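Peer 1: Chains as they are written, first to last, in the working numbering: chain P, 13 to 327; chain S, 13 to 327.
The set of hints was computed from the structure by calculation and includes no laboratory data. Here the structure is a predicted model, which means the values were calculated and not measured. The beta-carbon is built from N, C-alpha and C at its ideal position, and this holds for glycine as well. Among the clues, some could well be false.
In silico contact screen, one side only, chain P against chain S (beta carbon under 8 Å); selected entries [unchecked claim]:
(1) 255
(2) 264
(3) 276
Restricting the straight-line Cα-Cα distance to at most 20 Å, the calculated cross-link-like pairs of lysine to aspartate or glutamate (EDC-like) are [claimed, not checked]:
(4) 314/P - 50/S
(5) 261/P - 71/S
(6) 261/P - 192/S
(7) 258/S - 320/P
(8) 261/S - 50/P
(9) 269/P - 115/P
Protein chains: 2
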Amino acid sequence: MFREKIKVLDCTIRDGGLINNHHFTDEFVRATYKALSEAGIDYMEMGYRSSRTFAPEADYGPWKYCDDEKISQIIDGIESDTKISIMVDAHRVKEQQFRPVDESPVDMIRVATYVKDIDKAIAMLNIAHDLGYETTVNIMATSVEVEKDLVESLDQLAKTPVDVVYVVDSYGYFYCEQIEYMVKLYRDHLPPEKEIGIHCHNNQQLAFSNTIEAIIHNANYVDGSLYGIGRGAGNCPLELVMGFLKNPKFSLTPVLKIIEDYMIPMLKNIEWGYLIPYMVTGILNRHPRSAISVRKTEDKDKYAEFYEKMRDTFD
Amino acid sequence: MFREKIKVLDCTIRDGGLINNHHFTDEFVRATYKALSEAGIDYMEMGYRSSRTFAPEADYGPWKYCDDEKISQIIDGIESDTKISIMVDAHRVKEQQFRPVDESPVDMIRVATYVKDIDKAIAMLNIAHDLGYETTVNIMATSVEVEKDLVESLDQLAKTPVDVVYVVDSYGYFYCEQIEYMVKLYRDHLPPEKEIGIHCHNNQQLAFSNTIEAIIHNANYVDGSLYGIGRGAGNCPLELVMGFLKNPKFSLTPVLKIIEDYMIPMLKNIEWGYLIPYMVTGILNRHPRSAISVRKTEDKDKYAEFYEKMRDTFD
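Same shape as in the complex, but just chain P (with noise of 0.2 Å):
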């Protein structure tokens, strides 16, 4: 069942901080980073590296950011061999600096992009591949592009030095056969040094099933987060991931420790997981924002009202 090129990377600083404008503590970043390290995961992902001309400090919490110095000063002192990553996105990019990957403790920049933006994509990720990272080119809401624009993005990142080319259902509206479908059309039009990665979202209760299908269908690369965390209906959990693939090296106590110390409390403040707004968004296959909206009024639980003013609008 093990596959040893399987790579497993959490998001849950990255992709949960979506949700509280990445407001985590240093105390619970040190903790994840620690029993991540201890469970045997190949990547952290810190955050976004993005411009404060774009994204005000007033605004966000330190993981908008990931400054090197913040990051150093978070893993100091812990042994690890979790490698770190941060995301970048490609059409909110201004003055973002990256040093050399030698003076950095950024391992790997993934670069998230929409199929338009894939030129801004591809030069980020040449400034990143020059400075020594490892890249990966994340595309994200595939299941609204035009498939023969996406081809043409794939074909484009052929050419490029990535090394690791995602599958993102953003919208969570995939099921096994469309996931089967698109990781082969990467496989397709990428060269076979290139990887593929998958990452899913929640709606439909199908973000671990899906991985596990891009697994089966050669995918490497392979997005978690604890306990699911992550914008509207979460994202994979990490502890069924690694349920599932049986690396000896894993240890899945740390894991289970964190969740229980720090996820379950954090569901009292803030909110992720499969909820009726967000499977409709997912079955509709659409953006979340409307469901995360209604989530914080107090028609939050109007679920047949909901569905049938997003049946019957579009966005």
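Please arrange chain S on chain P, whose structure you already have, making use of the hints.
Peer 2: Relative to chain P, chain S alone:
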């Protein structure tokens, strides 16, 4: 996408009854029947037809017995094409009585059995069949049965008048490849006129995806429940099955309405769904009883300790 032969069975009252000793109110059962009827669901399972000798009335609510009179009273006056099913445990049979089908509100009798009790199950299904009922046999705990014994049971069932044989993942252990294997195994050993059913548990958030997998491999009887209610981690959420199947006769609104009106408030009093102790028994392929027990103690969220104890001991 829509395949007319697929029949959806809601097991809210039956499997959900395992959490509260079958004490659902008449009001809720009637509201469920009304909602499922409006939604176009094919079958509603009312509960068990248990022996009052084995299961004394002091300990259980009415849905442990599903007397014909009780069912008739609940459904009286509601326009519906939804058929009624009840379940019988083959290994707990005593003086249960069944009237001929045309004197009963029940349409289908489902016999739940372990492989070891298959002869009792066959005796029961023959009685039910001779009285005119549709019949199913639901072979439980298939993930811990010896395959040779399971195959022998299937070969025996092939010679009976049973209409549907269910693959049941009682422990929530299977992922897609195992479901595919099981459904094909059943198909190989059953004559083509017999249908295959699928009943999944959600310990690893795979109940819905495994149901899809079974459908892909031609299972045509599909169990779901409102918001996934059921013992432990619960079942495949009915609302997700409906979103996937896209049968034009379905209406999602009444199902979402009953979830908002009854299921969300109910979660304050009884518990089901994805919780780490159930995930642990799922990945270890164990009966959920230890997880159910620990959730009733003050150690209910000591996940790491529970995992290590379960991993290192055997039932």
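Peer 1: Compare the structure with each hint and give your call.
Peer 2: Going down the list of hints, with the structure as the test:
Because the closest C-beta pair between residue 255/P and chain S is about 4 Å apart, less than 8 Å, the hint holds. For residue 264/P, the suggested interface contact is upheld, since its CB lies about 6 Å from the closest CB of chain S, less than 8 Å. The beta carbon of residue 276/P comes within 6 Å of a beta carbon in chain S, closer than 8 Å, and the hint placing it at the interface holds. For a cut-off of 20 Å, the pair hint linking residue 314/P to residue 50/S stands: about 18 Å separates their Cα positions.
Of the supplied pair hints, the one linking residue 261/P and residue 71/S is violated, its CA atoms being roughly 48 Å apart against a limit of 20 Å. Of the pairs offered as hints, the one joining residue 261/P and residue 192/S is violated, with about 29 Å between alpha carbons and a cut-off of 20 Å exceeded. Between residue 258/S and residue 320/P the CA atoms are separated by roughly 16 Å; this keeps the pair inside 20 Å, and the hint holds. Distance restraint check for residue 261/S and residue 50/P: the Cα-Cα separation of roughly 52 Å exceeds the 20 Å cut-off, and the hinted pair is therefore not satisfied.
For a cut-off of 20 Å, the pair hint linking residue 269/P to residue 115/P is broken: about 33 Å separates their Cα positions.
Taken one by one, the earlier hints fail for this structure at numbers 5, 6, 8, 9, listed in ascending order.
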